[in-house]
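S.K.: Could you put together the complete structure from these sequences and hints?
Chains as they are written, first to last, in the UniProt record's numbering: chain A, 1 to 352; chain B, 1 to 352; chain C, 1 to 352; chain D, 1 to 352.
Check the hints yourself; a few may be wrong.
[What the hints assert, rightly or not] Here are the simulated EDC-like pairs of lysine to aspartate or glutamate, each with C-alpha atoms no more than 16 Å apart in a straight line:
1) B:K312 - A:D236
2) D:K108 - B:D106
3) A:K139 - C:D106
4) B:K17 - B:D329
5) B:K108 - C:D236
6) B:K139 - D:E164
7) C:K312 - D:D236
8) C:K108 - A:E72
9) B:K108 - D:E72
10) D:K139 - C:D236
11) B:K96 - D:D336
12) C:K96 - A:E251
13) B:K139 - A:D236
14) C:K139 - A:E164
15) D:K139 - B:D106
Hints listed in this document are in silico derivations from the structure and should not be mistaken for laboratory results.
4 protein chains.
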Amino acid sequence: MKSAVYRGVGKLSMEYKPIPKAGLNEVVIRTTSTTVCGTDIHILHGEHWVEDGRIMGHEHVGIVHEVGEGLEGITVGDRVMCSSNTPCGTCFYCQKGMAAQCVGPDGKQGPGGWILGNTIEGTHAEYFKMPYPNYNLTKIPDDVSDEEVLMICDIGSTGIAAAEKANIQIGDVVVVYACGPVGLCAIAGARLKGAGLIIGVDADPARMEIAKKMGADIVLNFKTINVIEEIFRLTDGRGADVAIEALGKQETFENCLRSIRRGGTVSSVGIYSGHLHIPIETFAGGMGDHKIVTTLCPGGRERMLQLIQLVKTHRITLESMVTHRYHFDDILEAYDTFEHQKDGVIKTMINF
Amino acid sequence: MKSAVYRGVGKLSMEYKPIPKAGLNEVVIRTTSTTVCGTDIHILHGEHWVEDGRIMGHEHVGIVHEVGEGLEGITVGDRVMCSSNTPCGTCFYCQKGMAAQCVGPDGKQGPGGWILGNTIEGTHAEYFKMPYPNYNLTKIPDDVSDEEVLMICDIGSTGIAAAEKANIQIGDVVVVYACGPVGLCAIAGARLKGAGLIIGVDADPARMEIAKKMGADIVLNFKTINVIEEIFRLTDGRGADVAIEALGKQETFENCLRSIRRGGTVSSVGIYSGHLHIPIETFAGGMGDHKIVTTLCPGGRERMLQLIQLVKTHRITLESMVTHRYHFDDILEAYDTFEHQKDGVIKTMINF
Amino acid sequence: MKSAVYRGVGKLSMEYKPIPKAGLNEVVIRTTSTTVCGTDIHILHGEHWVEDGRIMGHEHVGIVHEVGEGLEGITVGDRVMCSSNTPCGTCFYCQKGMAAQCVGPDGKQGPGGWILGNTIEGTHAEYFKMPYPNYNLTKIPDDVSDEEVLMICDIGSTGIAAAEKANIQIGDVVVVYACGPVGLCAIAGARLKGAGLIIGVDADPARMEIAKKMGADIVLNFKTINVIEEIFRLTDGRGADVAIEALGKQETFENCLRSIRRGGTVSSVGIYSGHLHIPIETFAGGMGDHKIVTTLCPGGRERMLQLIQLVKTHRITLESMVTHRYHFDDILEAYDTFEHQKDGVIKTMINF
Amino acid sequence: MKSAVYRGVGKLSMEYKPIPKAGLNEVVIRTTSTTVCGTDIHILHGEHWVEDGRIMGHEHVGIVHEVGEGLEGITVGDRVMCSSNTPCGTCFYCQKGMAAQCVGPDGKQGPGGWILGNTIEGTHAEYFKMPYPNYNLTKIPDDVSDEEVLMICDIGSTGIAAAEKANIQIGDVVVVYACGPVGLCAIAGARLKGAGLIIGVDADPARMEIAKKMGADIVLNFKTINVIEEIFRLTDGRGADVAIEALGKQETFENCLRSIRRGGTVSSVGIYSGHLHIPIETFAGGMGDHKIVTTLCPGGRERMLQLIQLVKTHRITLESMVTHRYHFDDILEAYDTFEHQKDGVIKTMINF
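M.R.: Structure follows, in structure tokens:
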């Protein structure tokens with residue numbers, strides 16, 4: 001099968017690999033759609049290590065190709081998906097309601113439940129094995145398109161979780177730094193949670209535009225305005241109730257802290273590659289009842305079905321983030337476009 | 001001042017009473033808008049006792065007419081409102097985060113923090129005293145109309161609280177029995193909380209229509225369909241995650257219990273005038289991890305501001321429930337229309 | 001193997017059955033300790049239906065006897081246990097954090113995750129199969145005795161969960177109706193949750209005595225005192241914050257409602273065999289911000305380990321409830337003693 | 001009246017000031033007990049600015065000396081106290097359930113609700129005015145001594161809140177850095193919340209000893225053991241569920257992060273005087289579902305009564321921290337002892 005394979009930092013090649021075989025309790029999926037995600041770029045840049053030869057990719061839709069022994073209720077031909085984070089269902093974390101931190105049945109996997117396109121072969125190939133199908137395999141209703149659900153695998157589940165973990169109350173003022181794919185989903189999440197004023201922060205006009213479509217009431221251009229001052233102006237000097245970090249940089253993390261009121265929450269879903277710094281004046285010397293929470297993409301079949309329900313009733317329309325479409329044969333070009341943020345790209349969709 | 005006065009069960013009369021005077025820590029409001037609420041009808045029917053001669057009414061908007069000694073930051077001419085539930089801010093319940101159950105500074109008021117138009121004179125008069133203004137007086141922003149905020153005093157705050165107390169998770173299936181004013185606000189609340197499928201239940205075509213405008217995906221007519229069966233059909237045999245009781249009858253309370261899945265929640269904001277019955281088969285013999293929660297209208301300035309924020313960004317449009325408008329001189333007619341549910345009335349607005 | 005077998009209402013017989021064989025993903029346990037639990041008596045009385053010929057029993061400690069294919073990390077000879085409630089780990093309820101309501105991988109089991117000694121053979125036999133061992137099999141540390149952990153399988157987990165689900169805050173006043181085994185564990189749970197005043201209610205002197213050992217500050221004898229009046233006297237006329245129903249009768253359910261303050265919680269772990277009635281005056285007409293929650297025994301390996309941790313540091317000493325010990329050969333006598341509450345029995349322990 | 005007065009960094013003098021007079025809604029208390037608290041030392045060291053001439057002190061018990069107009073239910077001679085944090089009851093924060101961050105009725109006070117001995121005269125004097133008595137004045141039951149309740153004003157409420165805000169679940173492993181007065185109260189709080197293993201960290205033998213009395217199962221001496229390694233050893237390599245920072249230093253903050261598992265919580269009640277640093281390796285690059293929460297002392301009458309309930313039933317025995325007693329005339333000596341941690345001092349009690 002054709003596969004996009006990681007060959008060391010900055011190197012990606014299209015290669016042929018054998019189609020995987022479904023063993024005991026295993027299922028093989030024929031990929032019908034996938035994406036290039038920010039995490040794939042992190043890998044390509046060497047910011048997240050994967051083994052040489054790894055097939056990357058985790059957002060996907062597919063068709064069941066082969067069902068191994070021991071599995072019931074799964075049929076060849078079923079249109080299915082799973083989250084990028086594929087919990088085992090039995091480990092400490094899975095039993096304790098923190099399945100995103102799954103360490104596998106033997107406790108040695110991870111850390112963190114994201115293995116697809118990371119420690120095992122991913123979805124940038126014509127076929128892939130879905131981990132722990134009893135927990136993760138999700139049948140997609142006929143009245144929902146690939147495009148509509150493709151991004152709930154990862155950025156949708158993650159961005160919306162940023163809003164959920166922040167414990168947004170209806171009417172809250174929420175600031176989202178920044179309006180990349182995860183930030184846009186966090187905006188959608190803030191809207192779902194009933195935020196009363198949603199403020200996006202970015203400088204890219206295309207992203208600022210789509211941020212409004214996803215639910216932002218206001219989008220501030222940090223190149224032309226003092227964002228912190230504006231947030232305090234908009235909140236009568238008090239600060240936002242919640243700030244969401246969706247970039248993974250010290251600057252945005254720090255601005256989140258500067259944006260919130262006493263008792264406010266910074267909800268972070270950015271992936272950081274360096275140390276973080278909390279300036280004393282942003283933290284009230286520890287006396288501000290501040291909260292900082294971080295979240296890894298929640299997965300599992302029921303998480304996917306929860307989000308699919310929102311797709312079905314048009315509460316979320318993540319497909320509006322797709323700016324570019326490619327055939328899988330051209331996935332290296334899709335990588336290039338996304339990596340270098342060419343042509344106003346927000347999200348690419350890869351078809352097979 | 002002209003006042004609509006309760007004169008015993010079924011009797012209401014327009015009378016003249018003296019304009020109240022603002023004493024220490026008191027403020028007098030000139031009423032500019034009010035409504036007839038379901039609770040007023042309960043009083044009229046003798047289902048909730050108030051003293052003979054009481055001015056009823058609690059949903060309102062007004063203008064500060066007189067400010068007593070001891071109050072700062074309140075100016076004659078301010079356009080203001082408060083909730084129908086007016087917590088004192090200092091009692092056990094207020095300090096414990098259950099201000100709706102306020103018993104007053106001396107612990108003897110109530111029970112329950114609703115006193116306006118109940119144990120003290122209400123808003124069906126040209127002027128009224130607002131209780132505990134430091135906690136309750138809420139200035140209304142200029143860009144928000146009377147009509148837009150009028151119903152957050154009571155039915156808006158209550159109905160939305162039904163959704164909040166139910167702890168609706170994004171994507172949840174929520175059923176609302178029935179689609180009167182509070183039920184309609186509960187539908188709006190379910191939408192605010194991110195419900196993935198909202199099912200209204202009623203039989204009145206006008207209410208069914210407006211239920212959709214307020215956010216219901218489906219409205220079931222209990223006269224033409226087996227509602228419980230349909231809910232189980234819509235949820236693949238599992239039942240709803242949450243059922244909201246917004247009528248106050250055994251039948252709807254029981255149907256709520258019959259509608260939910262194991263581990264589901266019945267959130268009740270109906271006002272009952274009789275005993276309630278839990279059929280054993282609706283309760284899994286106590287082993288179903290069911291929850292039943294009841295809620296009294298949350299009040300206080302910050303609750304009002306929270307809801308006004310939602311009005312400002314058009315998250316809620318409660319004014320679409322206003323089907324009838326009257327001048328205060330005709331309030332007896334408004335009562336009659338609302339009491340007898342004439343002419344497709346949902347909510348009446350009374351202007352001065 | 002010797003087995004105590006249900007043979008219709010009121011009938012129990014000691015019979016020989018074949019030792020079960022461990023199939024794929026299965027494990028067979030040799031029982032070393034078990035108990036007679038209240039639920040076993042419910043079965044015997046025909047209040048809970050099980051199939052003729054069923055081996056009852058669910059509280060237990062044992063030794064791994066045979067390990068089927070597909071399981072790793074489990075060794076013959078391991079000293080182990082599981083909860084009476086044995087979630088599958090993958091169904092809707094398991095993924096949603098309500099594993100006690102597990103319906104099994106195919107969604108058809110249950111309802112409710114208690115199958116051991118109910119829909120499958122139980123622990124009143126020399127050997128039994130443990131359901132879903134990957135999720136449930138719990139290795140017991142050497143420094144903890146059978147007796148110390150035996151009752152966390154069911155009544156310990158259930159009673160403590162009654163306190164957890166009630167969301168007891170430190171300092172709360174908690175009333176527990178009544179002081180049978182589950183109620184005693186609820187008292188221990190209330191203590192664990194930091195309740196500031198724990199009031200047990202019973203009339204049996206032995207139970208009243210042990211209630212104090214388990215953590216009750218006061219135990220009221222309902223035969224000699226007006227319990228509701230006394231609770232209001234002890235709480236300065238306000239009522240308890242939480243009342244726990246641990247008997248499963250209308251009378252105690254109703255007394256729970258009568259015991260709590262506005263905004264208080266009734267946490268029910270009794271098993272009811274009839275309809276329930278909520279007198280209007282106990283419910284503030286639905287306006288009291290009351291909560292009623294019900295709980296089924298939480299299971300799973302991590303739940304067991306959580307409770308074993310409490311055993312290890314002597315936070316709970318459930319073994320003090322054991323008043324009677326029998327050899328398995330005499331289990332019919334143990335049933336008789338427990339069923340008829342002879343000889344001040346609280347809890348029986350059966351050894352093999 | 002005799003008063004201990006701040007006269008610039010490092011300077012404290014005993015002076016005579018006039019006894020305050022009770023104005024409208026004010027009450028004057030005659031101090032009967034007070035303490036020297038860590039915050040007083042921060043002030044003395046110039047780490048927290050107060051105005052020259054300020055009377056410090058906030059932990060106290062006293063007798064009502066004079067009651068101003070407008071207050072009901074308060075009588076000269078009542079034995080009373082309030083928290084060091086004295087919410088107004090009406091501001092945004094008070095209404096939103098975050099009263100510790102009270103900004104006063106005009107929104108300009110603070111930030112943070114601690115004003116006693118900070119922006120207004122404190123309790124290191126024979127008399128003091130209690131702020132917002134309707135919200136804060138707490139009558140002390142006769143069967144409770146000054147000594148037993150003295151420290152719930154501040155360190156007790158704060159330390160216990162550290163455990164509450166960490167959302168400790170029963171059975172959790174909790175580490176407390178370090179075992180000064182607040183850390184000792186956090187240990188008591190962890191015990192109240194049902195922690196299954198409580199690990200104190202300190203190097204002072206007297207503190208290590210009392211940490212056990214307050215509820216620690218183990219106390220690690222950071223001078224003789226690698227604390228992080230030991231925590232991982234004690235938790236089978238997983239890390240603690242919760243770490244409480246009770247010192248206010250980068251080192252302990254960082255060690256808290258290093259001590260917790262994925263999905264764990266750092267609950268911080270230390271007061272920091274410098275920037276904080278989060279090493280990337282302690283934070284899983286933002287993907288660990290970590291939480292950091294900070295807490296300021298919760299105040300108000302109902303908070304005090306909640307803690308007094310725990311004193312009454314001997315759930316907490318904070319008086320065991322009192323190692324030194326002084327007459328108020330010798331308060332400068334008490335400061336000296338506490339400031340320089342002489343003579344194994346943990347907590348000083350000052351009598352009048």
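S.K.: So, for every hint listed, does it hold in this structure?
M.R.: Verification of the hints:
1. B:K312 - A:D236: Status holds; Cα separation ~15 Å.
2. D:K108 - B:D106: With Cα atoms ~28 Å apart, K108 (chain D) and D106 (chain B) exceed 16 Å; violated.
3. A:K139 - C:D106: Roughly 14 Å separates the two Cα atoms, so the pair holds.
4. B:K17 - B:D329: Given that 16 Å is the threshold and the Cα spacing comes to 15 Å, the pair holds.
5. B:K108 - C:D236: 12 Å, holds
6. B:K139 - D:E164: Status violated; Cα separation ~35 Å.
7. C:K312 - D:D236: 15 Å, holds
8. C:K108 - A:E72: 13 Å, holds
9. B:K108 - D:E72: Holds, at roughly 13 Å.
10. D:K139 - C:D236: 14 Å, holds
11. B:K96 - D:D336: 39 Å, violated
12. C:K96 - A:E251: 36 Å, violated
13. B:K139 - A:D236: 14 Å, holds
14. C:K139 - A:E164: The given pair, whose Cα atoms are some 35 Å apart, is violated under the 16 Å limit.
15. D:K139 - B:D106: Holds, at roughly 14 Å.
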